[in-house]
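Peer 1: Take any residue in the sequence shown, note its place counting from 1, add 68, and you have its number in this note's numbering.
Honestly, the hints are just simulated from the structure, not real lab data. Careful: at least some of the hints might be erroneous.
[To be verified] As a list, the in silico BS3-like pairs of lysine-lysine whose alpha-carbon atoms are at most 27 Å apart:
(1) Lys315 / Lys354
(2) Lys327 / Lys315
(3) Lys463 / Lys447
(4) Lys347 / Lys463
(5) Lys463 / Lys354
(6) Lys315 / Lys447
(7) Lys447 / Lys327
(8) Lys347 / Lys327
(9) Lys354 / Lys327
[Stated by the list, open to error] Computed spacing ranges between beta-carbons, pair by pair:
(10) Arg451 / His177: 51 to 61 Å
(11) Thr88 / Arg140: 45 to 55 Å
(12) His199 / Gly238: 50 to 60 Å
(13) Gly150 / Arg451: 46 to 56 Å
(14) His177 / Thr88: 17 to 27 Å
(15) Glu363 / Gly150: 25 to 35 Å
The C-beta atom is built at its ideal place from N, Cα and C for all residues, glycine as well.
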Amino acid sequence: MPGPAVTEPQATGRTPSVQTLQALSDRMLEGVLLYDADGRFLYANPAAHALCRDCYPRDLASGLSLDQLLPRDAVVQARADGRWNGHLSFGQDAILMVHVYYVPEEGGHFLVVMQDLRQIRFYEQDLLRRHAELNVRLTAAQEKLLQAEKLASIGQLAAGVAHEINNPIGYVHSNLGSLQDYLHSLFALIDAYERALRSADPRSMIPEIDQTRSRLDIDFISRDLPQLMNESREGIERVTRIVRDLKDFSRSERDESWKLVDLHAGLESTLNIIWNELKYNTTLEKHYGTLPPVECLPSELNQVFMNVLINAGQAIGERGTIRVQTGHEGDEVWVEIADSGPGIPPEAQQRIFDPFFTTKPVGKGTGLGLSISYGIVAKHHGRIDVYSRIGEGSKFRIVLPVRQPQPAT
69 MPGPAVTEPQ ATGRTPSVQT LQALSDRMLE GVLLYDADGR FLYANPAAHA LCRDCYPRDL
129 ASGLSLDQLL PRDAVVQARA DGRWNGHLSF GQDAILMVHV YYVPEEGGHF LVVMQDLRQI
189 RFYEQDLLRR HAELNVRLTA AQEKLLQAEK LASIGQLAAG VAHEINNPIG YVHSNLGSLQ
249 DYLHSLFALI DAYERALRSA DPRSMIPEID QTRSRLDIDF ISRDLPQLMN ESREGIERVT
309 RIVRDLKDFS RSERDESWKL VDLHAGLEST LNIIWNELKY NTTLEKHYGT LPPVECLPSE
369 LNQVFMNVLI NAGQAIGERG TIRVQTGHEG DEVWVEIADS GPGIPPEAQQ RIFDPFFTTK
429 PVGKGTGLGL SISYGIVAKH HGRIDVYSRI GEGSKFRIVL PVRQPQPAT
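Can you make the complete structure from the sequences, with help from the hints?
Peer 2: Written out as structure tokens, the structure is:
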């Protein structure tokens, strides 16, 4: 049985006229030349005239033949293989990249296409310049996005941070009131001693002094005063730590340099800021290993710790456990943050690092936290591994090199 008939593809538009093809050729930056099978010149576009005028002692208008235009082996190979590619040098950095095509139909014709490599280099340099400009803009945009997300995170925690600051300030203020009363009592006792010293018979004032000590409860003041001062000092130190940590988090990384850092100090600083967000529903377990100083941008890594810890706190709901572990293996260190929440569905695990992807209700997150964290860790030549099963919680392991790789020289 004969097979199905084969039909030739039909053109969907009109064949362009010679005038149209010539108009297109005139607009080309590449030089286009046409020769017959015997190497006689037939046609050249303006770009070809300009290139040949710059590179050959004889121009096309004077009858520059194919043998004069190209090396002999180029014409032979093009006639045998249908094409030839090569470079022609003319001194003073003038190099032409040449493509030759030959068709034997209708008596045979050679088509020559040439480009000036200086022009190609110019385009490449211009492309590299534009690429560098785009990189600068992209870097600036990424810095702004990171800073915006960082401030958004702090804004989200603002009420808790304010509580963490107000609480120690509150009892410091209360302690100052007690201290003021204690000072009045101590000054009253000192006044009694001074009057006794000025009297003719100081021993006769002992009953009054004892009565004053008893009435003002000086024994209690002497016991309570050191504790009051210690509490006040601890409160002021806590406020100082929170303010310092907030300053570290809110500053731009533009001026921050790579440095050797204790990651445990960064974790503690982060927990100090977000503790009010966690303490009401979280049992925190810390299992810190021995870590060497790590070369990093500390403020950026603190942002990663904050994002993962906040996500863990929100995941566990009303009550749960967050376990923070650290370790050192070979040339790498790791920080692992695990929660006892419901786990992440498999379909969501594929997208958790995508920008603006979030499973939280509206107003609870921007969807940028983990995406930015992923970018920061990648910038540090590290990785974030995620382990999660429904009903068994989630675990994020941040793996970082101890030292950043040196750029190739």
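Peer 1: Which numbered conditions among the earlier hints are violated in the structure presented, ordered from lowest to highest?
Peer 2: 8, 11 and 15
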